[in-house]
Structure formats: structure tokens, C-alpha cells
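Protein chains in written order, with numbering that gives the first Met the number 0: chain Z, 0 to 251; chain C, 0 to 251.
To be clear, the hints were calculated from the coordinates, so they are not data collected in a lab. All values derive from a computational prediction rather than experimental measurement. Just to be clear, a hint being listed does not mean it is correct.
Partial list, derived from the structure: chain C residues whose beta carbon lies under 8 Å from chain Z [as the list claims (entries may be wrong)]: (1) Ala15; (2) Phe85; (3) Ala89; (4) Thr90; (5) Glu93; (6) Ala94; (7) Ile95; (8) Ala101; (9) Gln103; (10) Arg104; (11) Val110; (12) Leu147; (13) Phe158; (14) Ala196; (15) Pro200.
Over the 10 Å line for every Cβ pair with chain Z, so calculated as not near, a few chain C residues [to be verified]: (16) Gly2; (17) Gln27; (18) Ala51; (19) His63; (20) Ala69; (21) Glu72; (22) Pro111; (23) Thr114; (24) Trp172; (25) Lys179; (26) Val206; (27) Lys215; (28) Asp218.
If you want the ones that stay clear, here's a sample from chain C, every Cβ over 12 Å from chain Z, calculated [said to hold, decoys possible]: (29) Leu67; (30) Gly112; (31) Ile242.
Ideal placement from N, C-alpha and C gives every residue a C-beta, glycine not left out.
If you want the building blocks of each chain, they are given just below.
Protein chains: 2
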Amino acid sequence: MSGHIHVVGLGPGDAAHVTPAASAALAQAGHLIGYGPYLARVSARPGQVIHASDNRAEMERAHHALSLAAAGETVAIVSSGDAGIFAMAATLFEAIETLGEAGQRVDVTVVPGVTAMVAAAARLGAPLGHDFCAISLSDNLKPWETILGRVRAAAEADFVLAFYNPISKARLWQLGEILKLLRTIRAPRTPVIFATAISRPDEHVQVADLANAEPKMADMRTLVIVGSSASRCVPRGDDDVWIYTPRRAAAA
Amino acid sequence: MSGHIHVVGLGPGDAAHVTPAASAALAQAGHLIGYGPYLARVSARPGQVIHASDNRAEMERAHHALSLAAAGETVAIVSSGDAGIFAMAATLFEAIETLGEAGQRVDVTVVPGVTAMVAAAARLGAPLGHDFCAISLSDNLKPWETILGRVRAAAEADFVLAFYNPISKARLWQLGEILKLLRTIRAPRTPVIFATAISRPDEHVQVADLANAEPKMADMRTLVIVGSSASRCVPRGDDDVWIYTPRRAAAA
């Protein structure tokens, strides 16, 4: 008899953003698999086996889950945010595809979650209120020219831009190159949001004009949102601002 | 003394996808404001006042919430999915901006939710596993040429495409035009997902090749996802398919 794999999005951090469906899937599982800091957010019940691994070990995690499920176990693979957006679900299905016919016997449920850009947007107002793109800036998995080409196309078509994985210890220069490119396309006053560790104890948020935005405003836990030509800043009482993108778009 | 406005995303439909933060905000509110069918998903407690309105009455809802908050009331404005993505949050901040300085005294919390494309993607696998765009096909609020231009740019840059509001009673031809445009850019075998009423009792899902996709596969409750050149279909045991977009992108 085959087991079951739940791929579970834990939301941005605070337990208040973990859906009841995600909590139920976690409670059912005999095995919890994931990147250590994400597993640390889960209150494991007695008897659950925790398998923490390194951030880069995604394919190993997928194969581990598949071998446990083949042995009849119920497994939850956890991701931060939503598991389907730059996270573990795609890796699992890639592993399932390589199994060929045996992959058809694997029972999988993907439990959707609150993805980082949605949490960041809510914290700042409604910057994703109109057409937007989500782009990973990590070039571990794709050529830098592909990233640049997509950012250019999306910026020229006036999408709001949400950047996942804007920076890492191994990649310090890419975000600077992206900001430089955007300055050739978007106005200097375009708002740029750096939303870090949203809903977690060390949450911090910075808003800059595109002209003054700097890569050092981001770290590995930052989601960057760049407004479209229509995005607006509205003062809040506390010296802070709301940012929103109106649903009504003017003629180009 | 001023009240408070919570803008709350209810997720795709099933209560299992409503976050604890959303439930808490709904429970706190003295007044619930929203489109009737969305409010019908909320179990109001005794003493809460329900203000249901028509789908198009977004700005009226925002002003209603602001006047209640100005009178010291606690209000929840509800949206399906996430309130920040093609939904009420942007409308509220637009209304707040028009208030000028008085707008700075309005206390607002946006509570993030599971947006429709994330729920649809989870149901089908991980089609949003790599760079993607979200585009509303409604031309109530923007010129049709803007929509066409954005779809063309995003398709040429090989983003996965998620279409909100693909069709309505008043707009039957647009989705057909979009599919025709995409056939000039993407391969005939590109998977197209029609995900309708995800997580609700009348949920249904259809997957077609781009060559055979038809507007009649969508209705007002459908989220349409069009794969990139990298998106893959993997057979499931039940004659159904998983669709995922690998995180690793080949050179262009």
C-alpha cells in the first residue's frame, strides 16, 4: 500500500497565516521534511519524525519523501509561503516525472499558502492591485540573460514587479544590475519596496524611490516589489506610507 | 475616536483555506462589507451588521467602510482570494488618497489570503513553479490594447500566464482573442488550465492544449493558467494530469 505526500505552504511566518488545511496536513503526517528553519516553525506532535535538510537540498528532499511514501508513510514536505511558487512543489513533480509509470501511483496533495509577495503587499497596502509579474532573481537555476530579458520585457510592458530571491551570500551584484536596468525604463520616483521577514519577529520594511534604491536594502529574506507607472504612495499618519496600484489603468 | 478597517482575503472558497488571522479580523468587526456571495461564506456572529452589495459597487463599499470607521466602528471589507490582487484593497486605498489629510487618520490592516491562482495551481500541481505574470482580462478598467500588449510581452518573454476575470456576461470575445494571440507565440501543445470554483462544492477543472483551448471552457469563476515553454504534463493514476513548471530554466 502506498502512502501520501502533502506539500504544505506555511505562509510568511506568523502562525496566524497558516491555513487550517495546512495545519491539518501537518498534523496527519508521520514525517515532516523540509529546510531546517521552516520546520522550526512547526509544532511537531509526539511520534512525528522530523527530517531537516539544507536549503539547496531540494531534489534530495523530494526523493526522500517519495521513498517514505512508497513504504506506506504519510509525509508532509513544508515550504515557506506557498509551496508552488519558487518552492518545493515543482521539485517534487519533477522527481515524480522521472519515476515514469511508478510516479502515477504516488498520492500527492498540494496545500496552498499565503505566498511572500502577497504578505509583503498586504503589509504595505495594495501594490499588487493590478497586473504584475513574479520573477526569481536566483541564477543558480537559470541563465542571467534569461532573467534580464524577462525583467526588461515586464518593465517595458508596465507590470508591477515582484522579485523573489533578490540576493544571497553567493550573489551580491545581481540586484544592483536589475535596479540599474529598471532606471533606464521606469521613472526615478517609482516606489521600490524591500519587505523583509514579513510577519516574523524581525520583520522590517523599507520603501525607496527607484533612484535611491540600493541592493544593501535586501537580504536573503527580502521580497522586493517595484511599482508600475501607475503605483501611488499615500501618507499614513505615522510618517510611513501606503503603496497601491489602482485597478483602473489609463490608456498607454 | 476613529475606528478600524480590516481588508480581509477569504481565500478561494473552502473554510479550510481561511487563515486564522482572517477569521480573527472577521470576528472582531462590528460591520461586514462585501459582494453578497463572498459575505455568504462568512458565519456572522450575533450583533454583526452585514452590508452586502453588488459586484461592481467597489468604490461605494470603500466609502461606506470609511464613513463607518470615521464614526468609530470596526469594519471588515471582504474579498475572495487575496484582497490585494484584483480586489478591494486597492479600491480602499484609492478612496483614502482622495480624502487627503483626513485619510492619514484612517486605521487599516490588510489581511493576506490565498489568491485564486495559488489555489488553482495547487490543485493541478505546480504550474506557477517558475516566473509568471498575473493579468486581469477585464477591460472595464483598462483599454483592451493595454491588455493585448501585456499578454504579448509576457508570452514572448516565456512567463507562465495567469488570467483573472477571463470572461463575463458582458465580455465573451476577449478570451478568444487572447488564445488566438497566444497561438502565434506559444507551441500548440502548451497546457492551458481552466480552474473553476476551486475548493468550492461546484469545483471543476479542465486542461486543454493551447491548440484546442476554447473560451467556453471558462466562466466568471474561472482562473486560467497558460504554461510556459518549459511547463510539463505528468500523468496521474486517475487519467488526470499534474502540470508543473520546473525551477531550472534552460538557456533561451
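Subject >> chain Z versus Ala69/C - minimum CB to CB distance exceeding 10 Å, so not interface >> reply: holds, 14 Å
Subject >> 10 Å cut-off, C-beta based - Gln27/C kept clear of every residue in chain Z >> reply: holds, 13 Å
Subject >> Interface hint outcome for Glu93/C [beta carbon to chain Z under 8 Å] >> reply: Check passed: Cβ of Glu93/C comes within 5 Å of chain Z, closer than 8 Å.
Original post:
Given Ala15/C was flagged as interface, is its beta-carbon under 8 Å from a beta-carbon of chain Z?
Top reply: The hint holds - Ala15/C has a Cβ within 8 Å of chain Z, the shortest such distance being about 4 Å.
**OP:** Tell me if Ala196/C is really an interface residue toward chain Z, meaning its C-beta lies closer than 8 Å to one of theirs.
**Re:** Violated, because the Cβ-Cβ distance from Ala196/C to chain Z comes to roughly 15 Å (cut-off 8 Å).
Original post:
Holds or violated: is the Cβ of Gly2/C farther than 10 Å from all Cβ atoms of chain Z?
Top reply: holds, 14 Å
**OP:** Tell me if Phe158/C is really an interface residue toward chain Z, meaning its C-beta lies closer than 8 Å to one of theirs.
**Re:** holds, 6 Å
Original post:
Against chain Z, does Lys179/C keep a CB gap of more than 10 Å to every residue?
Top reply: holds, 19 Å
Original post:
Should the interface hint for Ala94/C be scored as holding, given a Cβ-Cβ cut-off of 8 Å against chain Z?
Top reply: Where the cut-off is 8 Å and the nearest Cβ of chain Z is about 10 Å from Ala94/C, the hint is violated.
Original post:
Beyond 10 Å from every Cβ of chain Z: is that where the Cβ of Ala51/C lies?
Top reply: holds, 21 Å
Subject >> Non-interface label on Val206/C, tested against every C-beta of chain Z at 10 Å >> reply: holds, 14 Å
Subject >> Non-interface label on Gly112/C, tested against every C-beta of chain Z at 12 Å >> reply: violated, 7 Å
Checked against the numbered hints given earlier, this structure breaks hints 6, 8, 12, 14, 15, 22, 23, 30, 31; the rest are met.
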